[in-house]
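Got chain A sorted already, so can you dock chain B onto it with the hints?
There are 2 protein chains.
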Amino acid sequence: MKHWLLAAGLLSLAPAASVPQRPPFMLVVHGGAGTIRRQDMTPAQDSAYRATLTQAIRAGYDVLRRGGSSLDAVTAVITVLEDSPLFNAGKGAVLTNAGTVELDAAIMDGAALRAGAVAGVKHIKNPITLARLVMEKSPHVMLAGDGAEAFAKEQGMTLVPQSYFYTERRARELERIKAAEAKQRAHGTVGAVALDQQGRLAAGTSTGGTANKRWGRIGDSPIVGAGTYASDACAVSATGAGEYFIRNVVAHDICARVRYARESLEQAAREVVLEELVAQHGDGGVIALDNDGHFTMPFNTEGMYRGSVGPDGQIVVKIYRDE
Amino acid sequence: MKHWLLAAGLLSLAPAASVPQRPPFMLVVHGGAGTIRRQDMTPAQDSAYRATLTQAIRAGYDVLRRGGSSLDAVTAVITVLEDSPLFNAGKGAVLTNAGTVELDAAIMDGAALRAGAVAGVKHIKNPITLARLVMEKSPHVMLAGDGAEAFAKEQGMTLVPQSYFYTERRARELERIKAAEAKQRAHGTVGAVALDQQGRLAAGTSTGGTANKRWGRIGDSPIVGAGTYASDACAVSATGAGEYFIRNVVAHDICARVRYARESLEQAAREVVLEELVAQHGDGGVIALDNDGHFTMPFNTEGMYRGSVGPDGQIVVKIYRDE
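Protein chains in written order, with the working numbering: chain A, 76 to 398; chain B, 76 to 398.
One chain only, chain A, in its complex shape:
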């Protein structure tokens, strides 16, 4: 229709009214925030992180570019990051005090306000997939522990042994943290927010939680409103010291400020991450995206693995604060 009007000279070609070349879509990704400093990274490490982030973003981009859903894009991104030993999620998850892994994940479909989450699962290779099955195939939002794994089996998922998650690096890290009496808090999380060509927002987060954690601790990642949230207007995935993100209901608070206080997404995210959390010493960061494709990635730590891609296909990846 628009093409016909253009051809007939009935529609102007003024930039403001022009038909966009490609429908807008957007993908923003994080791989955890923390004490990530240029001087502590070898060039090989730096490259490895950038390469995996790029690969993850490309997987999500491929979904969005061909008209796929933001849910599929978020799932695709997080699956790549869960399968990498570099990030604290899936394969690369940190170890608990008992030397095991306990994984948390959540996914939320902002358009339909549906969500799924799992907490404390030990034999699930891709917790984001299980979170999505909880959303799509159960009447519940959140399942935990053995029960969540029983549901996974009923859904035909293959469980993996704990040995799948064992990496030399995480074992050494746990020893180091135990020796330092938990002074160092290793955390990290992976997450993605996406807007698809149908204008639907989605958010997802996956994590191994805090290294050396005990007592079945659940962090903010699988908690809808804290580490993960999406509505029809706003999507957020968080990473950091989860307890602060739970108490401040960070992901929902950012979206509530946009909805009720008419703050811009950037104002809202900065206020929460750089003011409120900083005042409480709550380390971390967020990625946030609105339904116009605007996004922001504030963090109050030395670095955050992060990146984005839009319709032009230019994948941007950053790690340090000064990038």
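If you are wondering where the hints come from, they were derived from the structure by calculation, not from laboratory data. If you're wondering where the values come from, they're calculated on a predicted model, not measured in any experiment. Heads up, a few of these hints could be off.
One copy or two, either will do: identical chains are not told apart, so a pair holds if it fits within one copy or between any two.
Stated by the list, open to error - Derived lysine-lysine pairs resembling BS3-like cross-links, with alpha carbons at most 25 Å apart:
| no. | residue 1 | residue 2 |
| --- | --- | --- |
| 1 | LYS212 | LYS253 |
| 2 | LYS197 | LYS253 |
| 3 | LYS212 | LYS228 |
| 4 | LYS228 | LYS253 |
| 5 | LYS228 | LYS200 |
| 6 | LYS197 | LYS228 |
| 7 | LYS200 | LYS212 |
Only chain B this time, still in chain A's reference frame:
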């Protein structure tokens, strides 16, 4: 100072400026919302519910009247309700599909923005006490399952066998629900919000979750922001079909509307419970209290066990919609 000014005739005695007789405090309690109809209750059942609610409210009132904290008041109220076989929490918890109990609870200190929560515990007589220990004695906000019970033991709590929770009534209910193929969703929760004489708000919620639940399902009660939330301005405890309360981040959304949209507490709570949840068929209700002692108790079901008390000591208890 005010007394001196009054004596010197420098301050008027107009009611608006008068010094209140007693510092304000307020306590609001619920015992679950659902299909609670006058015609389905015997006079003996009606009296038993009212008596236990009154006893619980009196326990909280005694704390607040003598200057105790809102946290202690919330804990006292919920402990009485957990110890009663009438309500779906503690002793009276509904049974899971496996015929066991799995209990969830959370407590939040609005003044300090601290919170504690437990999910899926099976041997804890008073989950609200364990939630409080998580808040006060652990670096975490939320603990689940066996890990949470290990923490309870380390804190010196005595674990009870599952047989403690067994009641003939819940066993029959589970059989009935299984026979009806889960058509009837029995839920229910207990909760309290309190404002103490120091102006500090607190909220707490405790539940057995949904009868016949499976797969380690976690409902909204232990999720900060969903079923339980308190800030320095607003405290909420919810009851109902938990999945809807999680997706809508109900407790935090009510407080966010008050904070950012300048809605009154009543407007905010009614909008969320009577408009947004109703549109989604999300059954339930909330109790909400602000730091002026204003409270509201909207629900979209046929009844909600509920009550309140203020400085005058008049305990009000209601069950049905037409009260």
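Violated hints, by number in ascending order, as checked against the structure: none
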